[in-house]
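**Student:** Position chain B against the provided structure of chain A, taking the given hints into account.
Take a look at the letters that make up each chain.
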Amino acid sequence: MYNKQRLNKGTLFTKCFKRMTTLVVPLSIYSFIGLTDGEFLEMFLIMLAVFCVVLLLGTLIDLIKYLRTSYYIENNRFILKSGLFIKKEKDIQVSRIQSIDTSETLAHRFLNITKVTIQTPGKNILLDAISIEQLEEITKQLNLLNTTIEVKNEDELTTDALAEQARLSKKKDEGNLIYQLSLIDIIKLTVLNISVIRSFIAFLLAGSFISNILIDFAFEQTNNLLNTSVLLLILVILSTLAAIYLLGAIFVIFKQYQFSVFLTDKQLKIKRGLLETNSQTIVLENIQSLEEQQNWLMKWFGYTTLSLSIATDENEDEDDDKNEESGNGKVILFPLVKTDQLASLMTACFPNYLFEPADLITPKRSIRRFIQFRLLFWVIATLTMSILFWSYAWMIGLIFILLNLLFGYRSQRLNGYKLSDNELTIQVAQRFSVKKIYIPRGRILNLQIKQNPFLKKAGLAKAVFFSAQGQLSQDTELKFIEESNAFELFNWFKPEGSERNEY
Amino acid sequence: MIEEHPPLNKLDEAVIQYDKIDSLVIGIFYMIGCAGLVFLVYWFDWPIIFAILSVLITLLVFCVDYFVLPYLRYKSIRYEVHPTYLEILKGVFFRKREIIPIERVQQVSIEDGPLSRRHHVQIVEIQTAGTGHQVPLLLEEDAQALKAQIMDLIKEVQSDV
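Protein chains in written order, with this note's numbering: chain A, 1 to 503; chain B, 1001 to 1161.
The following block holds chain A by itself, in its conformation from the complex (with noise of 0.2 angstroms):
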């Protein structure tokens, strides 16, 4: 049906363009050793030398996989055989197809080709490089199989000369556009995410420990001339922070640019990338869950975030090139939005939830169950390490007993869950953030209560929901709730159509 074709030769530029990326910083660095020990260019001419031999050998291997990669429509399937010994045959059955997305690295940009993932509910096939004329003619083919597919407009899949204007009817072509994110937004993004914060901090704590403790032990000579030079050890400290920051911005920058949703009737696709342009497709009737997530910082600035978790049944061919998102079932669909504008995106993207508020019915006797034990390892641990150590870790150790404290309060005034018909909202604290999550009842892998003699005693008991993301699952856990309302959440989700036994 669709003769035997192999992958571009500028494949072998792009994985060898990829291994130089990733090579180049490590062996830099160990070269740069070389410095201290005065050995600079000796050490940097057999760091080359090892890196030649490192991508001499990589390209080989590339060029053996090139030579072996073949793919081909057949009876109906799309079939893609590969591997270096030994040969694996892979396909996929066209009328599964769901999408064709398409994503390109600096390297592909450069020689005008593109990465393709051929993507169906369960398996997926990647083409790492392909010309956009082989794209065209798979899209062609695969359009014939099954008109169902959403591929691109040919338009703009033409030469050089179309492509801007091929850019600027993309956005009609592929929906609405409901969400954009501007550069401003994706500042802001980088502020009010709390995770690099935490990264501040846990440099910080590493950073004093460091200064404190190690330096203290290994060079006590040294005291004297670190107690004299605090204020540059804070400006270095500072710095180095300010320089963390940038970078992470930087690489957020690069990541998000114009990160752009559109919605069609069936899907939902996900634009985004400067240098690496990506493109993602998800289809509506297969998202499993829903997931807002709003942290104390975004919260005080009226954000919030939203991500959704789909099923997969396995990753693509090569770890590195899956979608870092999706890999593991969860997209980020809205990364920074504004609270009170939330719900009109969420109700016309997804029309069928309710998107119901939780009662928050934690029971006030659950605090000290929410913290009782981790109190218990940050006073042993802040003792142990006041005592052996450094007498000034009672300091970091009673941040974290407050902010324990502060967590057990949260977690019992913020958990509940509340039930619709068809549908589960449950709202869980966590350490920094506060997540909804919404469930349709279909969606839900299994129902687990739990309880031990304690809980048993006080009334109180656990629930569990597992749903489906990625190849694993999620779950989600409604800690110490009254055993009524436990009992509340496992008569409604048993299935319809059984006989129920009403508790």
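Don't take every hint at face value.
Stated by the list, open to error - Listing some non-contacts, in silico: residues in chain B with all C-beta distances to chain A over 12 angstroms:
1) K1020
2) F1039
3) D1045
4) L1056
5) I1057
6) D1065
7) T1084
8) E1098
9) P1136
Said to hold, decoys possible - Derived DEER-like restraints, expressed as beta-carbon distance ranges:
10) A:Y72 - B:L1115: 35 to 41 angstroms
11) B:E1080 - A:D359: 46 to 52 angstroms
12) B:K1155 - A:K88: 28 to 34 angstroms
13) A:L375 - B:F1067: 49 to 55 angstroms
14) A:S95 - B:V1064: 41 to 47 angstroms
15) A:K456 - B:I1057: 25 to 31 angstroms
Hints are computed from structural coordinates only; laboratory data are not their basis.
Since we're looking at a predicted model, the values are computed, not measured.
We put the beta carbon where it would ideally sit given N, CA and C, even for glycine.
**Tutor:** What follows is chain B alone, placed relative to chain A:
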């Protein structure tokens, strides 16, 4: 409350014997570990209290595992296949009651080992898209019946995940 209206099917009393032999086999490994520790105490001249403690703890764990837990495990496991869902109740101390909708089940398999095969005891494993569940300590005929029952019900439903 977790015990109210429990699933109907119980384990067969015959599995206690198998569970005890299983505990005995595990006990042998405990004892080998304990002997190793006693040897280390002797070799490095550590305080003798460590050797005494390790022997006492091993004996205690073995006795509980052999004389008490098989009965508790036997009593703790219940399961029932309803027309649209499977219900499992298990756990000796940490009790867990779970519901698995039949339409979510993707695979049912049966596991056994050399020892369990001799005693005609099997484990039924139920897989969904991302979670796995076990009904342990079933007699062979019960395990096969449970698998057949679930498989029959699966045929009637269709699901994409």
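**Student:** Decide, hint by hint, whether the structure agrees.
**Tutor:** Evaluated hints:
Look at B:K1020: its CB is around 25 angstroms from the nearest CB on chain A, clear of 12 angstroms, so calling it non-interface holds up. Even its closest Cβ contact with chain A, about 30 angstroms, leaves B:F1039 beyond 12 angstroms, as expected for a residue assigned away from the interface. Every C-beta of chain A lies more than 12 angstroms from that of B:D1045, the closest at about 26 angstroms, which supports listing it as non-interface. Residue placement check: B:L1056 keeps its beta carbon more than 12 angstroms from all beta carbons of chain A (closest about 25 angstroms).
In this structure B:I1057 is separated from chain A by more than 12 angstroms, as the shortest Cβ-Cβ distance comes to about 22 angstroms. No beta-carbon of chain A comes within 12 angstroms of the beta-carbon of B:D1065; the shortest separation is about 19 angstroms. Not every Cβ of chain A is farther than 12 angstroms from the Cβ of B:T1084; the closest lies at roughly 4 angstroms, contradicting the non-interface assignment. Not every CB of chain A is more than 12 angstroms from the CB of B:E1098 (nearest about 4 angstroms), against its label as outside the interface.
At roughly 16 angstroms from the closest C-beta of chain A, the C-beta of B:P1136 stays outside 12 angstroms, upholding its exclusion from the interface. Between A:Y72 and B:L1115 the Cβ separation comes to about 50 angstroms, which falls outside the hinted range of 35 to 41 angstroms. Separated by about 31 angstroms at the C-beta atoms, B:E1080 and A:D359 break the suggested range of 46 to 52 angstroms. Range check, B:K1155 to A:K88: Cβ separation about 31 angstroms, and the 28 to 34 angstroms hint holds.
Distance hint check for A:L375 and B:F1067: the Cβ-Cβ separation is about 36 angstroms, which falls outside the suggested range of 49 to 55 angstroms. Distance hint for A:S95 and B:V1064: a CB-CB separation of about 57 angstroms, inconsistent with the stated range 41 to 47 angstroms. For the hinted restraint 25 to 31 angstroms between A:K456 and B:I1057, the CB-CB distance of approximately 28 angstroms keeps it satisfied.
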